[in-house]
Amino acid sequence: MENLNSESNIFNKIAVRPSMENWDELMEFVTSEAKKYVTDKKKSYGLILASEEIISNIVRASGDKEKVLIEISSQKYVSKDKKKLFSLTISDNGIKFDPKFKTLTNPCPDIPASDRKIGGLGLFLVKNSCDHVNYIYQNPLNIYTLSTYIDSLEEN
Amino acid sequence: MTLTIQSIEENQIVTLVLQGDVDTKTAPELLEVLTNLKLKEISHLKIELTAVNFMSSAGLRALIFAKQKMGHESIVSVVNANEEIKDVIIKTGLSTAVSFINN
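So the sequence lines, in the order shown, correspond to chains A and B.
One point on numbering: in our numbering, the residue at position 46 of the first sequence is 46, and numbering is uninterrupted.
One gets our numbering by counting positions in the second sequence from 1 and adding 1000 to each.
None of these hints come from the bench; they were simulated from the model.
The structure displayed is predicted, hence computed values, not measured ones.
Hints should not be assumed to be uniformly reliable.
Distance condition first, Cα-Cα at most 25 Å in a straight line; then the derived DSS-like pairs of lysine-lysine [said to hold, decoys possible]:
#1 K127/A <-> K1025/B
#2 K42/A <-> K102/A
#3 K41/A <-> K1025/B
#4 K1046/B <-> K1025/B
#5 K1086/B <-> K43/A
Based on the sequences and whatever the hints tell you, model everything.
Rendered as structure tokens:
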């Protein structure tokens, strides 16, 4: 997120165990925050979709559910070139997982469905549903930041 | 969010009418319904999405699963998908396997 983080405010935050029991609570949080701050329906949907894919990975593969926490916070940013962004930052202290966003490509865009392996679509959608995606590992945290440009810093 | 699925079978055409979100939590229910169909004998599978606002990759995987189990000449369609779901299907290249129907 270099060049983006010139100024930020955290609006809201949620921290729970990454289990299916908490699935609805997590999705209600990201849906509510995205719809509140992102006016453009397509951008709002993209942010919710990307969040769903990351949360899904964490719920399924972060390790010991009794020890791991998933935390999601919403922020607004003003970039150095004065563009306004809304971000959802999702972190977990589970197994380290680098999605390698920079080198990620569509798993099989031109392969007929009959020949496709079922999998690999989720991270492709994360990368292609937001204006910016970023991953860093700050021991012991996997930190994913999903950002989209917005027109206004005011909520809808 | 819950997902309800109504199955309407008429000759070799099956329509699944979905209501709710198709995500990591609910997609297994769609997959279970698809698994219980005799997919090889279906000529046209219609997934009716009028009352679906959201579909993640978990839902797309269910569509791929159905297409792979059906015969080569068979058709999978999504009916009345919203613009966002259509966009995701196109973005992932699945529109070569899944057709769009708007009623």
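Comparing the hints with the structure gives:
1. K127/A <-> K1025/B: holds, 21 Å
2. K42/A <-> K102/A: holds, 23 Å
3. K41/A <-> K1025/B: holds, 23 Å
4. K1046/B <-> K1025/B: Satisfied, since the Cα-Cα distance of roughly 22 Å is no more than 25 Å.
5. K1086/B <-> K43/A: Holds, because 14 Å separates the two Cα atoms, which is no more than 25 Å.
Figure legend: structure checked against the earlier numbered hints; every hint is met.
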